[in-house]
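Quick mapping for you: the protein sequence lines, in order, are chains Y and P. Heads up, the first sequence is in the numbering used here, so the first residue is 1 and it goes up one at a time. Heads up, the second sequence is in the numbering used here, so the first residue is 1 and it goes up one at a time.
For the record, the hints were derived by calculation from the structure and aren't laboratory data. The model shown is predicted, which means the values in this text are computed figures rather than measured ones. Cβ atoms here follow ideal geometry from the backbone N, Cα and C, with glycine treated the same way. Each hint should be verified, as a subset may be incorrect.
Claimed, not checked - Okay, derived cross-link-like pairs now, EDC-like style, lysine to aspartate or glutamate, Cα gap no bigger than 20 Å in a straight line:
1. P:Lys138 x P:Glu148
2. P:Lys120 x Y:Glu138
3. P:Lys169 x Y:Glu119
What the hints assert, rightly or not - Label pairs and their in silico Cβ distance ranges:
4. P:Leu134 x Y:Asp64: 52 to 62 Å
5. P:Lys105 x Y:Gly206: 26 to 36 Å
6. Y:Asn4 x P:Lys83: 16 to 26 Å
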Amino acid sequence: MQINDLINHTSEWLKGTGPNSDVVISSRIRLARNLNKFPFPHWASKPQLNAVLDKTSQAMEKVDALKSSTLFVLASLDSIDKQLLVERHLMSIEHTQKTEQKAVLINDEENISVMINEEDHLRIQLMQSGFNLFEAWEIINGIDDALAKLLDYAYLDDFGYLTACPTNTGTGMRGSVMLHLPALVMSRQIERVLAAIAKLSFTTRGLYGEGTQASGNFFQISNQVSLGHSENEIIENINGLIRQIIEQETQAREIMLAKSKEILEDRVGRSLGILKSARIITSQETIELLSMVRLGSDLGMIKDIDRRTINELFIITQPAHLQKLENVKLSSDQRDLKRAELIRKKLNLL
Amino acid sequence: MLCDICGKNPATVHLTEIIDEQMNELHLCEDCARNKSAAMEQQFGLSDLLAGMADFEKPSSKEEEVVTVKCPSCGLTYADFKKIGRLGCGDCYNTFRKYLAPLLKRIHGSNQHIGKNPAKIKTSARVYKKKSGLPELKNQLQKAISEEAFEEAARLRDQIKELEAKQEKES
Chain Y
1 MQINDLINHT
11 SEWLKGTGPN
21 SDVVISSRIR
31 LARNLNKFPF
41 PHWASKPQLN
51 AVLDKTSQAM
61 EKVDALKSST
71 LFVLASLDSI
81 DKQLLVERHL
91 MSIEHTQKTE
101 QKAVLINDEE
111 NISVMINEED
121 HLRIQLMQSG
131 FNLFEAWEII
141 NGIDDALAKL
151 LDYAYLDDFG
161 YLTACPTNTG
171 TGMRGSVMLH
181 LPALVMSRQI
191 ERVLAAIAKL
201 SFTTRGLYGE
211 GTQASGNFFQ
221 ISNQVSLGHS
231 ENEIIENING
241 LIRQIIEQET
251 QAREIMLAKS
261 KEILEDRVGR
271 SLGILKSARI
281 ITSQETIELL
291 SMVRLGSDLG
301 MIKDIDRRTI
311 NELFIITQPA
321 HLQKLENVKL
331 SSDQRDLKRA
341 ELIRKKLNLL
Chain P
1 MLCDICGKNP
11 ATVHLTEIID
21 EQMNELHLCE
31 DCARNKSAAM
41 EQQFGLSDLL
51 AGMADFEKPS
61 SKEEEVVTVK
71 CPSCGLTYAD
81 FKKIGRLGCG
91 DCYNTFRKYL
101 APLLKRIHGS
111 NQHIGKNPAK
121 IKTSARVYKK
131 KSGLPELKNQ
141 LQKAISEEAF
151 EEAARLRDQI
161 KELEAKQEKE
171 S
C-alpha cells in the first residue's frame with residue numbers, strides 16, 4: 001500500500017454503519033505499550049530508538065491480524081503525506097513532529113494503526129464505525145496478546161503497563177467515542193452535558209484528538225483514568241456515559257422535530273444548497289454545513305445522500321486530502337476554491 | 001459577533017475552556033484563536049500540570065533527596081521528571097516508587113493495577129488449567145467483606161468478575 005492508495009479508499013470506520021451510527025461516528029481504543037530495558041522515546045538515544053523500531057516492527061510482522069499492513073517511516077514522508085495520515089485519524093499530530101526513528105503501521109482496512117516511537121514505544125489503535133467499543137477491545141486485545149508473546153513489555157504488577165506519562169499508566173488504555181451532537185448544540189444544552197462529562201473525569205476533545213478543540217458539532221469523549229479499573233470496567237464506564245448522551249441527543253432531535261420541524265428543514269436545506277452551489281468554501285464552513293446535512297440525512301429529510309458519502313466528504317475536503325487529490329501544493333485560497341469544486345461534483349452527481 | 005480579544009475581526013472560532021470545572025466561553029477570530037492555542041499549550045501543557053502535581057507531592061523536609069534521586073537504568077532524576085512531566089524508562093517507576101505511588105493515586109484515584117497482565121498471557125495455558133483459583137478468590141472476597149476492607153473487596157470482586165467472564169467465553 002502507498003499513501004496515494006489511501007485517498008481512493010474508504011476507511012472501515014467511515015462507512016457509517018454499526019450501532020447508533022446516527023449519533024456515534026466512530027469508536028476507538030488505543031493501548032500504550034513500552035519495551036522493558038529501553039528508555040521511553042523522548043529520553044532514548046538514536047541507536048536505542050532504532051532498536052525499538054526494529055524489534056517492534058519485526059514482532060508485528062509475525063502477528064496474523066497485522067499481516068496485510070504497511071509500515072510507513074515518517075522521515076521518508078513529505079509534510080502533505082504526514083498531514084494526510086492525521087486527517088484520516090491514523091496518527092496523532094505529535095507524530096508528525098521530530099520524525100526521526102518514528103514510524104506508523106497501517107492495515108489495509110485502515111481500522112488498525114500502530115505508531116512507533118511516539119510518546120510511548122507503541123501506540124496501538126483500533127477504530128470501528130458506530131458505537132462499538134467492546135468489539136474494538138476484542139480485536140485490539142488479541143493483537144496485544146500476540147505482541148506480548150513476542151516482546152518484553154515494561155510492566156509492574158502494582159502499576160500495570162508503564163508509560164512515559166503517568167496519566168497513561170495502568171491499562172495504558174484510552175477508549176474514545178466520536179459523537180455528532182447537533183441537536184444538543186442547537187438547543188444550547190451542550191454546555192450542561194460537557195460540564196457533567198468533565199465532572200465524571202472524562203475528557204472532551206475535538207475531531208483530531210489531543211490538543212484540538214471541539215469544532216462544529218463533533219465531540220470526542222474518552223476516559224481519563226487508566227489505572228485501578230480493568231479494561232472491561234473502563235469500557236463499561238464510557239459506554240454508560242455515551243448511552244446517556246445518545247439518549248439526550250435523540251430526545252433533543254425529537255423535540256426539535258416536533259416543535260420546529262420547518263426551521264430544522266430550512267437549515268438543513270440551506271446547508272445542502274450552499275454545499276451544492278458554493279464556489280469558495282473554508283474547511284470550517286464545510287464541517288458546519290456537512291454536520292447539518294448529516295443531521296438531515298439521519299432524520300430522513302434528505303433521502304438521496306447517505307452517511308458514507310457525507311463521512312467521506314468530511315475527510316477528503318481537509319487540506320492535505322485536497323492537495324493530494326490535485327497533486328499540487330495549494331494555498332489556503334486555492335484550497336477553498338478546489339474544495340467547493342470537489343463538493344459540488346460529489347453532491348450534484350448523486 | 002466580534003472577537004473577544006482583538007474586537008476587530010468577526011469571531012469564527014468558539015472555544016470552551018474548562019478550568020477547575022468552571023466553563024468559560026470565548027469567541028475569537030481565527031488569528032487570535034491561533035495565538036491563544038499556542039499560548040495555552042505553553043502555559044497549560046500537560047507536562048507542566050504534571051510537574052506541578054509532582055511538586056505538590058514533594059515532602060518539604062526531604063527536598064534535597066527527592067531532587068537528586070537518579071534512575072540507575074536511564075539516568076533521569078526526579079528533578080528532570082518535575083521539569084518535563086515524563087519518566088525516562090520503565091525502571092523509573094521502581095526508582096521513584098515512593099513519590100510516584102501518591103502521584104498516581106492523585107491522577108487516577110488508585111495506584112493498584114487490576115487490568116490485564118502480560119506475564120499471564122505468556123503462560124496462559126498453564127494458568128487456565130489450574131482454573132486460577134476462583135473459589136480461593138471468592139473466599140478472600142468474603143473475608144475482605146467481613147473485615148470491612150472495602151477497597152480490597154472491590155479489587156477482588158473485579159478480579160472474580162473478569163475471571164468468570166473469561167471462563168464463560170472459553171466454555
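**Study point:** Hints not upheld, ascending by number
**Key:** 3, 4 and 6
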